[in-house]
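Just need the whole structure built from these sequences, with the hints factored in.
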Amino acid sequence: MNNLIIQSDVYPISQARGIFGTLVDKLKDEKTILFSKKGKIKAALVDFDYLKKLQEDISQLYQKTYIDKKLISLTRIFSKKEISKWLEEDKL
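Numbering (this note's numbering), first residue to last: 13 to 104.
FYI, nobody ran anything at the bench for these hints, they're computed from the structure. Do not rely on the hints blindly, as some may be mistaken.
Listed next, the in silico DSBU-like pairs over lysine-lysine satisfying Cα-Cα at most 35 Å (straight line) [what the hints assert, rightly or not]:
no., residue 1, residue 2
1, Lys64, Lys54
2, Lys81, Lys54
3, Lys92, Lys52
4, Lys93, Lys52
Derived CB-CB ranges, DEER-like [what the hints assert, rightly or not]:
no., residue 1, residue 2, range
5, Lys65, Leu35, 16 to 26 Å
6, Tyr23, Leu73, 22 to 32 Å
7, Glu101, Ile31, 53 to 63 Å
8, Arg29, Leu63, 18 to 28 Å
Virtual Cβ for every residue (Gly too), placed ideally from N, Cα, C.
Okay, here's the thing in structure tokens:
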């Protein structure tokens, strides 16, 4: 799992049920709160303004990289070997 969410509080779902309102208020500072079940992160609570900003940023990224949203399912992560080969081929 990618560690993109560097700082986030993690609450067991069983504990979070009783303090949900408090957790929502905490989003003003934290932006994300994670929930675990049996020790594994299963869900996230995200500040709405932060979510909108992420969506706007992704939309701008699509425009800059010219990736058609319909083609995302056809993309894949390239291996270091493939990238190295392309870099070698692209040298002038």
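Structure versus earlier hints - violations, ascending order: none
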